[in-house]
Amino acid sequence: MQTAIPRRSEAERRRARRRSAVRKYGVVLLLLAPWIVGFTVFTLGPMLLSLYWSFCHYDMVNAPRWIGLANFKFMFGLGTIEGLPPGAHDPYYWLSVRNTLWIIAFGVPLRIVFGMLTAMLLTRPKRGVNAYRTLFYAPSMVPRVATALVFVYLLNPVSGPINRLIDAIPGLSAPLWFFDPAWAKPALLIMGLWGIGDAIVIYLAGLLNVPRDLYEAIAIEGANTWQRFRHVTLPMITPVIFFTLIMGIIDGFQYFDQAYVAGNAASGQNAVLGQPQGSLLFYGLWLYEKAFRSFQMGYASAMAWMLFIATMACTVVLLLTSRRWVHYGGGGQ
Amino acid sequence: MTTAARPEAGRPARRRLPARVRRRRFLLTIANHAVLIAVSLMFVLPIVWIVLTSLMTEDQAMTTRLIPDPVQWSNFVTVFKQIDLWRYTWNTVLYAGITTIGVVVSCVPVAYAFSRIKWRGRNIVFLLVLSTLMLPVQITTVPLFVVWARDLPAWTGIQFIGTLKPLIIPSFFGDAFSIFLLRQFFMTIPDELCDAVRVDGGGHWQILRRVVLPLSKPAIMAVALFHFIWAWNDFYGPLVYLGQSPQAQTLSLALSNFRGMHHVQWNLTMAATLIFMIPVVVIFFLAQRVFIEGVTLTGVKG
Amino acid sequence: MKRLLLYVGVAAVAALALGLAAGCGGGTSSSPSPLASGASHEPVTLTVWHPWTVKSEKQGFATAVKGFETQYPWIKLNIVAFPNSDEFDQTLMKNINAGTAPDVAISFGPDYVGKYAADGLWQDLKPYMEADSFSMSEFAPAALSYTSYQGKQVALPVLTDAYGLYYNKTMFAKAGLSDPPKTMSELMDYAKKLTVRDQNGDIKVAGFVPLNAFNELGPSDLAHAWGAKWFDENDKPVLAGDPGWAAALTWQKQLVDWYGKNAITKFYAAWVDKEWTPDQAFETGHVAMIWDGEWRTKMIANDKAAIDYATAPFPAADDHPEMYGSGRVGGTICGIPRGAKNPEAAWLLVKYMSTDTDFLVALANMLGNVPTTKASAESPDLQIPAQMKTFIAVWNSPGSLFQPPLQSIGATYADFLNNYDDKWVQGKGDDLQAGLQKVDQDIANELSMGQAP
Chain A
1377 MQTAIPRRSE
1387 AERRRARRRS
1397 AVRKYGVVLL
1407 LLAPWIVGFT
1417 VFTLGPMLLS
1427 LYWSFCHYDM
1437 VNAPRWIGLA
1447 NFKFMFGLGT
1457 IEGLPPGAHD
1467 PYYWLSVRNT
1477 LWIIAFGVPL
1487 RIVFGMLTAM
1497 LLTRPKRGVN
1507 AYRTLFYAPS
1517 MVPRVATALV
1527 FVYLLNPVSG
1537 PINRLIDAIP
1547 GLSAPLWFFD
1557 PAWAKPALLI
1567 MGLWGIGDAI
1577 VIYLAGLLNV
1587 PRDLYEAIAI
1597 EGANTWQRFR
1607 HVTLPMITPV
1617 IFFTLIMGII
1627 DGFQYFDQAY
1637 VAGNAASGQN
1647 AVLGQPQGSL
1657 LFYGLWLYEK
1667 AFRSFQMGYA
1677 SAMAWMLFIA
1687 TMACTVVLLL
1697 TSRRWVHYGG
1707 GGQ
Chain B
7 MTTAARPEAG
17 RPARRRLPAR
27 VRRRRFLLTI
37 ANHAVLIAVS
47 LMFVLPIVWI
57 VLTSLMTEDQ
67 AMTTRLIPDP
77 VQWSNFVTVF
87 KQIDLWRYTW
97 NTVLYAGITT
107 IGVVVSCVPV
117 AYAFSRIKWR
127 GRNIVFLLVL
137 STLMLPVQIT
147 TVPLFVVWAR
157 DLPAWTGIQF
167 IGTLKPLIIP
177 SFFGDAFSIF
187 LLRQFFMTIP
197 DELCDAVRVD
207 GGGHWQILRR
217 VVLPLSKPAI
227 MAVALFHFIW
237 AWNDFYGPLV
247 YLGQSPQAQT
257 LSLALSNFRG
267 MHHVQWNLTM
277 AATLIFMIPV
287 VVIFFLAQRV
297 FIEGVTLTGV
307 KG
Chain C
165 MKRLLLYVGV
175 AAVAALALGL
185 AAGCGGGTSS
195 SPSPLASGAS
205 HEPVTLTVWH
215 PWTVKSEKQG
225 FATAVKGFET
235 QYPWIKLNIV
245 AFPNSDEFDQ
255 TLMKNINAGT
265 APDVAISFGP
275 DYVGKYAADG
285 LWQDLKPYME
295 ADSFSMSEFA
305 PAALSYTSYQ
315 GKQVALPVLT
325 DAYGLYYNKT
335 MFAKAGLSDP
345 PKTMSELMDY
355 AKKLTVRDQN
365 GDIKVAGFVP
375 LNAFNELGPS
385 DLAHAWGAKW
395 FDENDKPVLA
405 GDPGWAAALT
415 WQKQLVDWYG
425 KNAITKFYAA
435 WVDKEWTPDQ
445 AFETGHVAMI
455 WDGEWRTKMI
465 ANDKAAIDYA
475 TAPFPAADDH
485 PEMYGSGRVG
495 GTICGIPRGA
505 KNPEAAWLLV
515 KYMSTDTDFL
525 VALANMLGNV
535 PTTKASAESP
545 DLQIPAQMKT
555 FIAVWNSPGS
565 LFQPPLQSIG
575 ATYADFLNNY
585 DDKWVQGKGD
595 DLQAGLQKVD
605 QDIANELSMG
615 QAP
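Protein chains in written order, with this note's numbering: chain A, 1377 to 1709; chain B, 7 to 308; chain C, 165 to 617.
Honestly, the hints are just simulated from the structure, not real lab data. Computed from a prediction, not measured in an experiment: that's the story for all the values here. Using N, Cα and C, we set each Cβ at its ideal position, and we do this for glycine too. Take the hints with a grain of salt, since some may be wrong.
As the list claims (entries may be wrong) - Below, in silico cross-link-like pairs of lysine-lysine (DSSO-like), each with a Cα-Cα straight-line distance of 27 Å or less:
(1) C:K553 - C:K240
(2) C:K346 - C:K356
(3) B:K223 - B:K124
(4) C:K468 - C:K222
(5) C:K438 - C:K333
(6) C:K425 - A:K1561
(7) C:K230 - C:K240
(8) C:K438 - A:K1561
(9) B:K87 - C:K468
(10) C:K338 - C:K468
(11) C:K505 - A:K1561
(12) C:K240 - C:K338
(13) A:K1561 - C:K587
(14) C:K462 - C:K538
(15) C:K368 - B:K87
(16) C:K602 - C:K400
(17) C:K417 - C:K430
(18) C:K430 - A:K1561
(19) C:K592 - C:K430
(20) C:K338 - C:K553
(21) C:K602 - A:K1561
(22) B:K171 - C:K505
(23) C:K505 - C:K290
(24) C:K393 - C:K316
(25) C:K346 - C:K357
(26) B:K124 - A:K1400
(27) B:K87 - C:K219
(28) C:K438 - B:K87
(29) C:K368 - C:K333
(30) B:K87 - C:K230
(31) A:K1561 - C:K538
(32) B:K87 - C:K430
(33) C:K219 - C:K587
(34) C:K333 - C:K316
Stated by the list, open to error - Partial selection, computed: residues in chain C whose CB lies under 10 Å from chain B:
(35) K219
(36) V244
(37) A245
(38) A470
With these hints in hand, go ahead and build the complete structure from the sequences.
The structure is reproduced here in structure tokens:
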């Protein structure tokens, strides 16, 4: 005889499901706890505080004083600020923006192109790849402070080895590098090239991941080197290019260490104003000067938020347009 | 029964390539290596110059002579006497070491939650984690500095600025990049292994302990190494929170401070740079493969 | 999921509230209690911060200041040396705000005295001075220009720097010159006469390098020769209004153009980093005349530089002979930060360091700085080269002062002028007036944006 098994009511089943869901989310919360606390206390909280300060005059000694949009007006030279003539603006803000955009516009493509080219060189040889790879990667491990000091020394216009080499070639006159506003940023680019080892490694991994059969297929159709590159290699490494592009831009916006050290050491002074003649005044440097030397924390907070908005805008644009040119071959998210 | 074929017949017949093709390939290889060597030289020469300068006397450091003469090995000793280099090295070790432990300990559970448990909103929250990577450090530094400098001491009576505490404490609360790396790796762990533990009646803790952690050693190593080196090289954090505190300085700060009263003593600075660089380069040489695998975890799969 | 969002939301609001409470906490300035007569002699430890980094100087200071502990045996000194003098003031301010300030701070430069006074970061010493019958007449009138701001005397000088002209007597004799130049046109003439070029046209020996930041020279030092002022009575910048600035910058550019911009920049690049080494340009006979501070006499003696040199006040403008004999002064100062735990004892140390003859003489002998009191300047124990007399005279000259003038926002505003000067000398030389007006505007804006409420 069949014993009747009491059927669970709909409500009971729902309750059971909810209990297991609660247990699951409880576990998730527990696991995520460190990050949640950290995010709230060390990221979100300060962000909101900094947002509040960007509308205040705050010099860390007296309490923050609400001044509305004055900081932003000063930044952009729009509107009138009480106590200042109309159109009064920060003379170095746009200089720092231009310098930062310059280093991104030149530094990031250089990194991508040279990283890719060098990595392609490394795909051919059968022996010694590890040695080369280590050699290229090691300089990118050198602390940025040290790199800056080293290149200030190497690029000294009179006693530095590089200029002595250039001067030895008749007909060439070496530029004054960190003492010439037109050559200071290119000097930083040279410095940056020394540290592309990590990009090389990433590109190498990406290149080696390109499936062999694609190359064989196109070889059968009789493609030459350029066509192989254009139709197989390039599309397959677009995820890598995308990654280095985004990280390069994000890092570029925050460029600080090298410019701080180079600007100081080269001219022997301690002014942070991006010697020579403001050519090395990057956004991060000017922000640091405003926050920690002029103690204008309110204005510095306003600058920080503009930086954030700019970074987010660039990243979002890149992300949205990426669908069109980035090929996620296998396993991409 | 058929006779076994002659042994040689089992091997595919190898045609010798025509001499012309072989020569061309050989020349290409040479050319390739030549370019590689030239590029390597450009990467290595600055280091050679650092080493040479670190052995010069101060007068010679700014002159045009390349070979140190006399060779002043004592520079490396002077560097330790001129500034408190042992203490700064120890501070840097503390900073890099403790924060690495903090990052690993706090990021593993978080990455696990993002990869091995399915829950609604998982992707959105993960995107939030990733978005913090885009946050300029300056936006949080200014307020955090004030809180560490004034408010927390007022509430707790403990001093934070001028010590390593503001740098170390946040590392125990997760780090977006490490979470990202670990999550990518955890996602590649086969479901069957985890299911096996669940069938045995184990919960998440057992899965973590018996399956995920043992399998993830390379990824955890990579995360630890990346973070250690990042902290070792960090400049901005120490600059803001340690300032010029004589006791708590780290090597990166000390290096940028490395001047006599107003000028740069290049020979000593290069010696100090070498001392600063060497631990990092040594670690890299020893753990190359871990690094490179860690790097590929980030970039290749996007 | 919803609960997760709820938790995060609550935490965020809590963080915001926390942050607002934090941000709203302002500073309070404490008024110092005047020195009570018959103060107790309970044992006290004073924390003293100083920025001397060179080992010999650190030891020298510690030795010289032992006299204080002998005079006041119940006070012990905890001396803390800083690894880098460049960020001393910023670090000090951060610590004052964090409540961890020392009892006595010694700073190399008075750049931030304006801020210390305006924001109450260093204590006003007047009550202590009155209780002790101590007056600023102990020092030359120039001292007031960098130790007091808006009526608050927040610092006292500990020796000082003074700037003037060094010239190479051998090179002078070879060029048929005997006396140092007294006017700016003489300076330019002599500079041209004394310059030697090599066969490539590069400068081998420069008569005088007029570039900003070469060996401490700044455009404001040149303008001082014309008696130019930074601010008028209403504290408005007058770089465009005061004709001395245009005259000085024109003079400067004339000399730079005569050298050739590229040539002088190359020379600058070769020598600017050697300023504090025995290879300094003047000491090695590569510059005939140089603007420098009094410490160079000591360095020349220590480095045993093989030059026969003399010193004189920096020239004055042709039409401002009354400026001759004065120059830039100002240097090391000491004061009592807000929140010092033992202000009365700290005052004793401040008074000692600024006026005690033995201490000042010992320090002057070690550092080669200008002794700031009459007693120390005339002390028989003072071992200074004969060339130092010029600088003592400059210090006592009534026209001498500290540059740039103290402001509550510190001294970073001077960078506007310095940056403009760099561009001006390298540029085509058009529209100096407009450029100076822009500098004025930028300084005015900076002052407005930075004023305390």
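Q) Is K417 of chain C within 27 Å of K430 of chain C, Cα to Cα? A) holds (16 Å)
Q | Straight-line alpha-carbon gap K462 of chain C to K538 of chain C, limit 27 Å | A | holds (21 Å)
Q. K505 of chain C and K1561 of chain A: Cα distance at most 27 Å?
A. Given pair K505 of chain C, K1561 of chain A is violated - Cα atoms ~48 Å apart, limit 27 Å.
Q. Do the alpha carbons of K425 of chain C and K1561 of chain A lie within 27 Å of each other, as the hint requires?
A. OK: K425 of chain C and K1561 of chain A at ~20 Å, within 27 Å.
**Q.** Given hint K553 of chain C paired with K338 of chain C - CA-CA distance at most 27 Å
**A.** holds (25 Å)
Q. Within a Cα-Cα threshold of 27 Å, do K438 of chain C and K1561 of chain A meet the stated pairing?
A. Answer holds: K438 of chain C to K1561 of chain A is near 24 Å, not above 27 Å.
**Q.** Proposed proximity, K333 of chain C with K368 of chain C (alpha carbon, max 27 Å)
**A.** holds (18 Å)
Q) Is it true that the CA of K602 of chain C sits at most 27 Å from the CA of K1561 of chain A? A) Holds: K602 of chain C and K1561 of chain A sit about 26 Å apart, inside 27 Å.
Q: Below or equal to 27 Å on CA atoms is what counts here, so check K333 of chain C against K316 of chain C.
A: violated (45 Å)
Q: Starting from K393 of chain C, check that the Cα of K316 of chain C is at most 27 Å away, please.
A: holds (22 Å)
Q. If you take the shortest Cβ to Cβ gap from V244 of chain C to chain B, is it below 10 Å?
A. With Cβ-Cβ at 6 Å, under 10 Å, it holds.
Q: Quickly compare the C-alpha distance for K468 of chain C and K222 of chain C to 27 Å and report which way the hint goes.
A: holds (23 Å)
Checked against the numbered hints listed earlier, the structure breaks hints 1, 11, 12, 15, 31, 32, 33, 34, 38; every other hint is satisfied.
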